[in-house]
Amino acid sequence: MSSAQFVQYLISGITSGSIYALVGLGFTIIYAVTKIINFAQGEFVMLGGLVSFTLIYRAGIPLVPALFLSILIAAAVGAAMYLLAIRPPKKASVVSLIIITIGVAIFVRGIAGQVLTKEFISLPYFSSEQPIPFLGAHIDTQALWIIGTMVVVTIILHLFLTYTMVGKALKACAINPVASSLVGINPKTMALIAFVLAAAIGGIGGVVFAPLTFMSYQGGIMLGLKGFVAAAIGGFKSPLAAVFGGLLLGIVETFVVAANWGPFTSDYKDAIALVVLLFILLVRSGRLAEEERAG
Amino acid sequence: MLARLKSSWSYLAIAALVVALILAPFHWFLGQYTTLMIVIGIYTIVTVGLCLLMGYTGQVSLGQAAFFGMGAYISAILTTTYGVNPWLAMLAAAIMTGAFAYIIGSPIFRLKGNYLAMATLGLGLIIWILFKQLNQSFGEPDGISGIPYLSIGGFVFNSSFRRYFLVWAFCLVILLISQNIVRSRTGRALRAIHGSEAASESIGINVNQFKVKILVLSAVYASIAGSLFAHHVRYVGAQPFDFLASVKLVVMAVIGGLASIWGAIFGAGTTHILSDELLLRFGDWDVVIYGLILVIVMIFMPEGLFVKLKEVFERLRLRYRQRGTEP
Amino acid sequence: MRNYLKYAVVLVLVIALLALGGIGCSTKEEGGATPTPAATPYKVGALFASSGFNSTLGQTQKPTVEMMVDQINKAGGINGHPLDVIIYDTKSDTATATTLANKLIEEGVVAIIGPTSTGESMAVKTITAQANVALVSCAAGSVIVEPAGNNTWTFTTPQLDYVAIDRIYMYLQEQNITKIALLTDTAGFGAAGRKWLVNQTMLSKYGLTIVPDGDQTYGTSDVDMQAQLTKISGTAAQAIVCWGTNPGPAIVARNMRTLGMTIPLFCSHGIAFKSFIDTAGTAANGVIFCAGKLPIVDQLPDTDPQKALLEKYKTDFEARYGEGTANTFGGHAYDALMMVVDALKAVGPDKAKIRDYIENNIVNWPGTGGVYNMSPLNHNGLPSDAKQAMILVKIVDSKWTWLQD
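Protein chains in written order, with my numbering: chain A, 2 to 296; chain B, 799 to 1125; chain C, 8 to 412.
None of these hints come from the bench; they were simulated from the model. Note that beta-carbon positions come from the ideal geometry of N, C-alpha and C, so glycine has one too. Misleading hints may appear alongside valid ones.
Stated by the list, open to error - Pairs of lysine to aspartate or glutamate residues, derived as DMTMM-like cross-links and limited to a Cα-Cα distance of at most 20 Å, are as follows:
1. Lys92(A) - Asp1084(B)
2. Lys91(A) - Glu1101(B)
3. Lys1108(B) - Glu999(B)
4. Lys119(A) - Asp1084(B)
5. Lys119(A) - Asp285(C)
Claimed, not checked - Some, not all, of what chain A presents toward chain C, calculated at C-beta under 10 Å:
6. Ala5
7. Ser17
8. Ser94
9. Val95
10. Ala144
11. Thr150
12. Ser217
13. Gln219
14. Met223
Take the sequences, apply the hints, and build the full model.
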């Protein structure tokens, strides 16, 4: 592998890793505050892409307002999901909630496919379509947007959680829901905020990712799964860990494919994330089980 | 007295069901739906296993279609590439799938809740990717074709009519076996586990061992269904065993009722009538409805739709009878 | 005791089920031709992938058939009988396709057109053959109809996969290209193509070699091929041949531009859609692919035997469904339907006679895919000389241009 190729692979890995990081952030926020794994997380990303496409090409709305509007819509869907599907069941078992989030996921996916579009769609680049030469390789300008957005979102989220009242309340709820409710923090409101945040972040991911690649109404599953892996690597605890997990997964994925190592040829790329997932689950199964029983 | 009447009710119900099943494929009754009913029968077998698994272990399997597919692929490969007798292939598939379930059972059940669900999801997807690879190694790019029919001696199951009876014979036998299991000692242990794992452990029940047994059972059921599927469609591709297929199986189980046995027919039946008949010309709206069903049923009747319906029916019946006996 | 009685009775009933299944063996599905009084409709079945991952290929097929059925019935039907085509959506799923094929047969159709993809066709053809119903597929896999002796009831209308590869390789040789890299979809269309792309006889015929590390693949739903392309950029490949259907090749084209790759990209007829140009944007310029004549019909000389038919199909279709919507895949459905219609006109609703007609009487028959000559040994009917069967199209300024050589 030449050094130019190495740099190219690294860029590819960091780019896709940034998207996984954003999805992983969403998983982490919701899980931390509500202890729910939101199987519909990937669908928010998909919505970001597909809704923007519909707004730009079918409703004729200009690029920038369309992007913001679609992030808002994704956030609204997140709120609706919480209010209609997560809050109503009283004392739902973990398994029931899993099935419910899956139900929401396929519902959203189905509606997107039927109402928005079934085709593979893409968005216009935010800036120039010409790639920038870099250390013998090339970076797409959109890749810079993706990585940049991920960094900005992470920083803003960190600031939000650390320095604002709402953010601190969220963190408190995540650490100890009983104690926080005793000091007047309403866990239901916190859960709603968590869902809205996670959905918005997912939508942002979809919006920056769509110009670089193609999305379809079915893209949510794999993205969701890889985001879950990112969050799992991070232990579902801190947003920064999720980001690290996402980047790690993206880079590992790309280099395993590049090295043609073992059975992992290019069409097995998705399997890499799955294997990593199973590995994490097996290795941490003891500790995870403890946490489930306690939490 | 009430108990005996109740049991004679269910006795009559089952008898009526069987009579209807026997008469169904004749063209003067429901013959034009024969293929539909074959498919319902096959999926009922998978659903029963899943209902038992989800009902008695309290966990969800998001990869059950993988076992279904293993049965189909092993049967397909053994009968086409290696010319093995279809019945032997079915047996081999069931054994191999069951063994696989046994091996992954213990480590899997060390996980709980969300993580277990994710693990089943991941495993299901990995196996699906493997199926796509098997296509290339053993057949054409999209699947394996030319799978022979099942036959007994010279009698070949080469018409929908014949396969209907074959599939439903399997189905009824499996339903009866399941009912037997549930009423046996194993069944009581399972219900104890379902009630409280901690309590069961304390009276000496090896909870994990039972969970693995149920997993193996559900896997064997799914494998048999998969083999029947292969010899019915005679072409096996990877698509019927993807993540959405596993989700659809969960929908069938949820409609039929977790831990319910005869409800599985209801679950498999309603989803297929919905998808293959009512919504046939409406593209993919059936998936949207499945999502709604999952959400609504799990919010309002987490034991399952059919079970809830039975409950409602029972309550109405009792109220009616009480009004009759009141002075 | 009561429990045992119950189980015993049910067990007896189960045995009775099996026995009945055995006795009822003489009941077969409806077969043969029922005499048709004056205006009974002629029933034909159609299976298309209007949804699912093959829907890019299938989406113009159902509208094509609906349009033609309208035209035919408005003109009085077939010898006075209305034409009724029952169209089902296979959802790109082989199991659904077979269930629907069975359903169509149970509904009494005299022939079936479609399905859209090779995988679905392979699944369906065993069922239709066993029911003695002619299947005129719209898929390009040569395995569907070869050898014709083993596929007496199956025909197909698109140019076969190896013909397309032949055409591309022929051109590569003419351009003095010797080293190539491949990038193919692992499923259906792409994988079937790959088998021929790596075929040694095919490669040696045109003096081509695949460079080491040059045989790359991608998954159907992959949205990023940069890793594979980065590998290829490190090889001595002079051209890339990409086999697959949208959006794969469009992503490949864009990724190549992202990576600054300048070697030419050749694709299959799987990109003969306006959506390829839409999705690949400016990266589509310079891409060369092989296809039937429909994309460049306006550039054909008036003497071309297919021009009039192609123009009419395109005009009619686009008048009904919108500008730029017609494509070669809808054309395959057109050809399949019209072959069955011609057969019905000649021999009426007799399944066996329809099959015979298609095999023997579709001669010098102009269609959208080419001029067909079916025979007992050739159930595709298109010329085996690749230059005659397919043309080359180059995308210039986001438009299809006929590349003549």
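Against the structure, the hints come out as follows:
| no. | hint | result |
| --- | --- | --- |
| 1 | Lys92(A) - Asp1084(B) | 29 Å, violated |
| 2 | Lys91(A) - Glu1101(B) | 14 Å, holds |
| 3 | Lys1108(B) - Glu999(B) | 31 Å, violated |
| 4 | Lys119(A) - Asp1084(B) | 15 Å, holds |
| 5 | Lys119(A) - Asp285(C) | 15 Å, holds |
| 6 | Ala5 | 8 Å, holds |
| 7 | Ser17 | 7 Å, holds |
| 8 | Ser94 | 33 Å, violated |
| 9 | Val95 | 30 Å, violated |
| 10 | Ala144 | 8 Å, holds |
| 11 | Thr150 | 17 Å, violated |
| 12 | Ser217 | 8 Å, holds |
| 13 | Gln219 | 7 Å, holds |
| 14 | Met223 | 7 Å, holds |
The structure does not agree with the numbered hints 1, 3, 8, 9, 11 stated previously, though it agrees with the rest.
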